[in-house]
Structure formats: structure tokens, C-alpha cells
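Given these sequences and hints, build the entire structure.
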Amino acid sequence: MAAKKSNWSSCNLLEPMPDGSRLWQFSVSSKKVKLSGDLRVAVGENPPTKAVSKDWTDLLSRKLNIATLPPEKVFLRVVDLPPCDQDELLPMVEFQIEDLSPLPAVQTVWSAELVPGSTGSEGNQTVLVTIAERSVVEERLEELESVNFLADRVEVPLLRELVSSEPRADGAHIQLVQGGDSVLALVAWWFDGRLVEINSFNLPDHDVNRDVLVEKINNVAWSGEIAGWMPGDPACYLAKRGDVGADWKVALA
1 MAAKKSNWSS CNLLEPMPDG SRLWQFSVSS KKVKLSGDLR VAVGENPPTK AVSKDWTDLL
61 SRKLNIATLP PEKVFLRVVD LPPCDQDELL PMVEFQIEDL SPLPAVQTVW SAELVPGSTG
121 SEGNQTVLVT IAERSVVEER LEELESVNFL ADRVEVPLLR ELVSSEPRAD GAHIQLVQGG
181 DSVLALVAWW FDGRLVEINS FNLPDHDVNR DVLVEKINNV AWSGEIAGWM PGDPACYLAK
241 RGDVGADWKV ALA
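Per my numbering, the very first residue in the sequence shown carries number 1; after that it's consecutive.
Hint data in this document are derived by calculation from the structure and do not stem from the laboratory. Honestly, I wouldn't trust all of these hints.
As the list claims (entries may be wrong) - Subject to a maximum C-alpha distance of 20 Å in a straight line, what follows is the list of computed PhoX-like cross-link-like pairs (lysine-lysine):
hint, residue 1, residue 2
1, K240, K216
2, K34, K63
3, K73, K216
4, K249, K216
5, K32, K63
6, K50, K63
7, K63, K31
Below, the structure written as C-alpha cells:
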């Protein structure tokens, strides 16, 4: 079913970080959304109760709390579906979720959204499916509830940087994200104005894993050649988030 429109007056987004968490605060008006606060919350500390808690005043001034999951905690799938109305999208994905999910469907939660600007053959629409283990989501929500952060929805913000509002240049768009003791590689494959595949590889930040990542990306490229969506020698576009070592970039050159 199509989501009912809600009138929000403010929004909080709480994102886990290696050294604690980060609270983004937004004010919402009828015409725009404006960043109103950016607070770092140290490990062992709680976000300010007044900013995130919900009480009777929420009936008059609605507050949207968004919980986030680290991208390494989700599985990503790209699906081509025939054109349909928005309220038909989720039922169409649900019909395939057993095949898409690496875990039994009853052990997962999932979401699906259209990829802007990506159109497949015969006018098919490209859909990004995000799958997470149910226990991981429940643990995250319980953790936030203990600090009075009652989440209205769960997001993976980093994925927004991979799925842009416009088609990307042909090739592999690689984003390296520095974690506490690991590096996450998110790889989006775009060809002919269409997102055809997306992968995530979370590897310990050790020298040997530079070559392991290259091997994993090459294996995807080889599979793409067999499947017919991968041309020879695709271009690669590299971006980094956090203090990622320069040798990762050298390995991917």
C-alpha cells in the first residue's frame, strides 16, 4: 500500500560511528528541509533526551526519528521489474524475496525502492532491494529505545551516495569506507544508463586483503561477462569515506 503522507516538523538521524555516534537534526517546513544541528555523541554517552524523545507534544509538533544500520549489516540486490504502480512494487518484490534473500525470508526484514533514472530493457524499472537479518534490526532498535530514541524508520544512509538521482557513467563505481578495524567496499555497476549490479565486501584492514578485494571485484566482472551485462575493460571510479589508507587505492588502480 502507498504510504500515508505525514506532516513532520523535525527529524533526527542517528548514525553509528567508530568513535560513538552522530546525531543529525533537521527542521522541516512546508517548502524545505534545513540542517539545524550536528552533534557528536561519544562512546558510552546518550543523545540528548530533549532532542530525540517523544511525548505528548509530538501530537502537535511531529518528530521523525530515523535509525541507521551500518552498510556491512545489509545485503543488496538489484532487480528488473516490469512497469507498475507504486503500490504494486512491494508485492512484486515479495513474490521473489525467497530467491533474493541469502537467509530464510522469515529471518529477515527488507525494503525496496526504485533507482532513479535507471531503466532496463523493454522499459523495465530497476529496483534496489535491501535485506537485513531481523535479529540485527531488532537489537539495534532495542539499543536505541534504551536511550529514549524511538525510531520511526530504519535507513542505510550510505546507499544514497551509490544510488544517485541521475544515471552514472558506465563502469564500476567503488566507494571505500573506513571502519574501526575493517574497510567496506561498496561497488555499483552502471552500464547503458542502468544500475545492473551492486556488491559489498567488508574486509579486515590488513595488507593481504588489498589483493583479496581486487580478486572479488574481478570475479564479479567475470560473472558479468558471462551474464552478458559486462563489456570488456570497464572504467573504475573510486571514492573514499574516512581515513582509508592510500595503498587500497593503489591496489585498485
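Satisfaction of hint between K63 and K50, Cα-Cα up to 20 Å: holds, 12 Å
20 Å Cα cutoff - pair K34, K63: holds, 14 Å
Pair hint K32 and K63, alpha-carbon separation not exceeding 20 Å: Holds. K32 to K63 sits at ~15 Å (cutoff 20 Å).
Pair hint outcome, K63 versus K31 [Cα-Cα no greater than 20 Å]: Measuring from Cα to Cα gives roughly 17 Å; hence the hint holds.
20 Å Cα cutoff - pair K249, K216: holds, 15 Å
20 Å limit on alpha-carbon distance, applied to hinted pair K240 and K216: holds, 18 Å
Restraint status (C-alpha distance of K73 to K216 at most 20 Å): holds, 19 Å
Of the numbered hints given earlier, the model fails none.
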